[in-house]
Amino acid sequence: MNMPGYLTTDQAAERLGITPQSVYNLANRAPDFPKPVKVGRTSLWPVEGIDAWRAAHPARRRRDAK
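Using numbering that gives the first Met the number 0, the first residue of the sequence shown is number 0, and each one after it goes up by one.
Bear in mind the hints are in silico, worked out from the structure with no lab data behind them.
This structure is a prediction, so every number in the text was calculated from the model and none was measured.
Heads up, the beta-carbon is just placed ideally off N, CA and C, and yes, glycines get one too.
A portion of the hints provided could be inaccurate.
Claimed, not checked - Label-pair restraints from in silico Cβ distances: (1) 59 with 3: 29 to 35 Å; (2) 59 with 39: 32 to 38 Å; (3) 56 with 9: 16 to 22 Å; (4) 57 with 1: 25 to 31 Å; (5) 59 with 2: 25 to 31 Å; (6) 59 with 19: 14 to 20 Å.
Model the full assembly from the supplied sequences, consistent with the hints where possible.
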């Protein structure tokens with residue numbers, strides 16, 4: 000599905016550098032994480048909301064990264 004300004008769960012996960020399941024976990028547990036728009040059974044995530052959330056929550060540095 001392609002709606003301008005929205006990402007599929009897989010695209011949102013890739014953009015954030017996390018798994019699709021983590022996107023759903025954040026949506027359910029993090030009050031400031033953007034809420035999806037539902038089109039049928041498909042969750043679509045607003046690009047601006049995902050980018051704003053990432054800016055407010057920088058990626059954690061992996062322990063094995065040097």
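Exercise for review: Given the hint of 29 to 35 Å, check if residue 59 and residue 3 actually sit that far apart at their C-beta atoms.
Suggested key: holds, 30 Å
Check your understanding: Would you say the C-beta atoms of residue 59 and residue 19 sit inside 14 to 20 Å of each other?
Key -> holds, 18 Å
Exercise for review: State, for the Cβ atoms of residue 59 and residue 39, whether the hinted interval 32 to 38 Å holds or is violated.
Suggested key: With a Cβ separation near 34 Å, residue 59 and residue 39 satisfy 32 to 38 Å, so the hint holds.
Exercise for review: Go ahead and decide if the range 25 to 31 Å is satisfied by the Cβ distance of residue 57 to residue 1.
Suggested key: holds, 29 Å
Point to revise | 25 to 31 Å as the expected CB spacing between residue 2 and residue 59, which holds or is violated | key: holds, 30 Å
**Study point:** Outcome of range test on Cβ distance (residue 56, residue 9; 16 to 22 Å)
**Key:** holds, 20 Å
The structure is consistent with each of the numbered hints, conforming to all of them.
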